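Residue numbers (the working numbering), protein chains in the order written: chain W, 1 to 567; chain X, 1 to 567.
To be clear, the hints were calculated from the coordinates, so they are not data collected in a lab.
Hints are supplied without guarantee of correctness; some may be wrong.
[As the list claims (entries may be wrong)] Mimicking EDC-like on lysine to aspartate or glutamate, the simulated pairs with C-alpha atoms at most 16 angstroms apart in a straight line are:
hint, chain 1, residue 1, chain 2, residue 2
1, X, K57, X, D2
2, W, K345, W, D45
3, W, K4, X, D180
4, W, K191, X, D180
5, W, K17, X, D2
6, W, K65, W, E35
7, W, K246, W, E205
8, X, K191, W, D160
9, W, K191, X, E563
10, X, K193, W, D192
11, W, K517, W, E275
12, W, K191, X, D2
[To be verified] Sample of chain X residues lacking proximity to chain W, with all beta carbon distances greater than 12 angstroms (derived):
hint, residue
13, G214
14, D276
15, E347
In this text, all values refer to a predicted model and were calculated from it rather than measured experimentally.
Positions of the beta carbon are idealized from the N, C-alpha and C atoms, including for glycine.
There are 2 protein chains.
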Amino acid sequence: MDLKVYREHTKVTRRFKEAELVLKNAKIINVFTNEIITGDIAIEDGMIVGIGNYEGKQEHDMTGKYVCPGFIDSHLHLESTLVTPKELVTVASRHGTTTFIVDPHESANVSGLAGINYILDQTEDASANVFVMMPSCVPATSIDDNGCTLTAEDMTQYLDNERVLGLGEVMDYISVVNADPGMHRKLDLFKDKVRDGHAPFLAEEDLQAYVMAGISTDHECSDFQYAMRERRNGMTVLIREGSAAKNLEAIVKGIVENNIPVEGFCFCTDDKHIEDIEREGHIDYNVRKAIELGMNPVSAIKMATIYPAICYGFHNLGAVAPGYQADLVVLNDLNKISIENVYYKGEVIEQEEEIEIKKCPDELKNTVHVGKFSKNDLQLESPTGYFPVIEMQEGQITTKKQIKKFSRGKCLFLSNAQYQKIAVIERHKSTGKTGVGIVSGFGIQKGAIASSVSHDSHNIIVIGDNDEDMVLAVQELIRTQGGYTIVADHKIFDTLELPVMGLMSDAGYQYNNHKLKNMINKAHEMGVGRGIDPFITLSFMALPVIPEVRITPRGVYDVLGGEFCSY
Amino acid sequence: MDLKVYREHTKVTRRFKEAELVLKNAKIINVFTNEIITGDIAIEDGMIVGIGNYEGKQEHDMTGKYVCPGFIDSHLHLESTLVTPKELVTVASRHGTTTFIVDPHESANVSGLAGINYILDQTEDASANVFVMMPSCVPATSIDDNGCTLTAEDMTQYLDNERVLGLGEVMDYISVVNADPGMHRKLDLFKDKVRDGHAPFLAEEDLQAYVMAGISTDHECSDFQYAMRERRNGMTVLIREGSAAKNLEAIVKGIVENNIPVEGFCFCTDDKHIEDIEREGHIDYNVRKAIELGMNPVSAIKMATIYPAICYGFHNLGAVAPGYQADLVVLNDLNKISIENVYYKGEVIEQEEEIEIKKCPDELKNTVHVGKFSKNDLQLESPTGYFPVIEMQEGQITTKKQIKKFSRGKCLFLSNAQYQKIAVIERHKSTGKTGVGIVSGFGIQKGAIASSVSHDSHNIIVIGDNDEDMVLAVQELIRTQGGYTIVADHKIFDTLELPVMGLMSDAGYQYNNHKLKNMINKAHEMGVGRGIDPFITLSFMALPVIPEVRITPRGVYDVLGGEFCSY
């Protein structure tokens, strides 16, 4: 700290000077001792400079209210909710999350370092602390066709950036345990920082080998037994509760029932949509739910504050104590985590203020570059009449692989009510690659749906019951340079434009929500099952690390077999 | 980690290769989950590479035995036990302490950076991990006459030394809270590392200001209430149990009775003599005593392992888990902490092997440089007949200040049975400074005792009932270039030579112990109270930060008044 600042701050601490702001008579949650102690919090320049008995130029009466540290989301992606980064951060900060540890790997897959810089720049002046983990797996796999490749060398320039905490979720565990030099160069680069994991249900030996590479966290853990396996190996478990993946109940129940120490457990959202945040909250929701499941409120709060602070090396975040940033949540009720107010750097976060949408640099618009593409590219032929089918399942993003016989001998597949076409068109480098497959279980009739959000490479993915509408949908997304679109009866029904890297809209989240709701309704009317989110489910159909079978620009990929399907 | 090493280690982890060594069927203390789980520990190149079910080229049967991580002494001085650093480390490592966090401030006060390098070099190949904190207060105060001054600039070269963890105990809290630029340059230099505190009973506002400077630990805490005050401010409390200062019972009782979370508490010895270590143990003694006071054994072990590891940023020490160094303690009994064996980097520490005494560089010998000194320098005169008296108290290193009238008007003080002379002779820079005072409560008759160990500046301190013997004692220490000596009846009774910086002997600790025991007996026979350790108590009489009054080369210093006494 600057010495002059220290001198001025400690004048307040030592009562030689009145504080700028004092929160009077608060029931303060002490995350170090688990005590709740009534006292005043003196704040100067956004820092807590004294706890005890203080007078201030400005005083906020906290009588009867609890004050705990601002919450920390220990792992999330900002892009997944379609709004610009600052919008999401602002909405979540109103629910008490004042620190976000962000992995910008969606942006990086489209625009590389420029995408990462976009996330950093957009959130620089947000009403929260936004940190970045450098995406470790861009592209996600060697068979991906994405926009950019990030190597250890590319990341070196970020080592001294104080907002970059380490290496983002290392999804490619095979490269890790097989000692792949490229992967280990990245791990080595961040050896003095945090290296986040992504390790769903590894075999015990692989998990131990993974940990030995220096990876210290995981947010993919979805049951208590596996959480304990990770904890035994010293990993910090980031308990996830987002829009789709909900792991909190299973893990917290186990912790409570087995009286497991909560040190080494944190909370995260991973992917939580803005409408869900508005409805039920953000990390405050995780805390509340943990308390409902029987966890002591102070323990639950520690998992949202001091434990992630320790895990990520924050020395001035995660506690209400002198020298800590004045990021505070004021609660009317400790058990219900009912939030009265949130302070970020000693200032109340306005709940109603209009959220600024920051301009996106031109280079991050117009990122949809499709090579030759026409109806012919959607033709699907088998010399034997047998075709692999991607069987979608309601409520899941996993799929089943089936082999179906559509005719005797050589055959050109034609869509019908049950079996439809799904295609991915490479959109970063105009390579002209288009992969086509057959899908069941989606149900769309007389139309097509397309999206430029398709994990993790974010090519254009399209699904439909006829080739003409599929082509129209793709052409629409080329025209809008990214988005979600629905074609019904050979006409564009509506398009949600996502011009920022083809991933985000800069039109404001209320506008988006309204439009999206309409489009989702239309999709269901067109036959898409009610248990399927037409766009989100579709966006996962190209991710070649989730079993059993996926569609990529290179064709249908058998994830379990680790090879492309032949006909 | 080197990729080739990782590849080889994980071959064992993944069972593609047999381990070098396996500890079979151990009851393993898991410091992450608080579980005790039976299993095998696979070890390769001194690292734990797998926990579970393993075969090894060599196997040690652990059936029925507990295995916990090697203990960490979170704060100690190696010099205080008079032996060379490696001897102390080796003896303590046999009692399970495999990591030492050392503040070499005694050496630094005599020989500056050369003294620190001596500690680093001597312990480099010890059977333990020895880390150093850079001494922050050399000299301890501005009125000290020591051998060297350490500034932030001097320390810069150690920033990249992996064995230097941060800044050592910041004793001068006044400089901290008053924003002294020299002190804050040191604090700032180590802002990304650990900054150890030394903060006995600060007023709450001062404690908070002290913490705000980034100081995060304290080992001077001696009661539970103060420990809680420090914990509330986020400090890690290093619970001290050494030869002289014993704070464990008071603090641990409070923790147990009030059910306080033990995270943020560690153990240390600060100063523990080798004969005490041999008799009762080292950090294992702290753990044992905590269990006897009602603490859960796993919690007590965590305070000696994973919590100091977290505090000091060790990622591969303090746990029995894959990727951790194989520093292990084998226990026959968990509640009694009865140690069967200790492993350091996967090798059993031999209990009986002779300990190597490493050669000391010549520049660290012959450090006693006294200017003019004769009997005349011990003359003590008052124009008024009033003299300040340093009243020593059995069992304490604190003193009381008294003003005594020895005559009417001008008077030359002469020693007697009750009131004796104490003097400190500057011995680093031949300045010729000698300070003389009167002491009561020591009790020596017909002789003198002198020491070149006198905190923190380590000048020659001498006490006696007649000037001739005092002069003889000082001359003896000039001759031996450091040591403890007793003069009886105008003859040298015996001298324990401490040629290494005047602080340590390189003659071997058994030889020292034998000689020291004899000398201590002799001192008691000569009248020194049984409750006084003649040398250790004497060595604190020159430390001008402990109340109420001290003797320095510049005269008698009133610590509470912050000024030298006039006559």
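The hints, checked one at a time:
1. K57/X <-> D2/X: 24 angstroms, violated
2. K345/W <-> D45/W: 8 angstroms, holds
3. K4/W <-> D180/X: With Cα atoms ~11 angstroms apart, K4/W and D180/X stay inside 16 angstroms; holds.
4. K191/W <-> D180/X: 35 angstroms, violated
5. K17/W <-> D2/X: 54 angstroms, violated
6. K65/W <-> E35/W: The given pair, whose Cα atoms are some 15 angstroms apart, holds under the 16 angstroms limit.
7. K246/W <-> E205/W: Violated, at about 26 angstroms.
8. K191/X <-> D160/W: 15 angstroms, holds
9. K191/W <-> E563/X: Not satisfied, since the Cα-Cα distance of roughly 51 angstroms exceeds 16 angstroms.
10. K193/X <-> D192/W: Judged against 16 angstroms, a Cα distance of about 12 angstroms means the pair holds.
11. K517/W <-> E275/W: Given that 16 angstroms is the threshold and the Cα spacing comes to 11 angstroms, the pair holds.
12. K191/W <-> D2/X: 11 angstroms, holds
13. G214: The claim breaks: G214/X does not keep its Cβ more than 12 angstroms from every Cβ of chain W (closest is about 7 angstroms).
14. D276: 32 angstroms, holds
15. E347: With a cut-off of 12 angstroms, E347/X remains clear of chain W, as the shortest Cβ separation is near 20 angstroms.
The earlier numbered hints that this structure contradicts are 1, 4, 5, 7, 9, 13.
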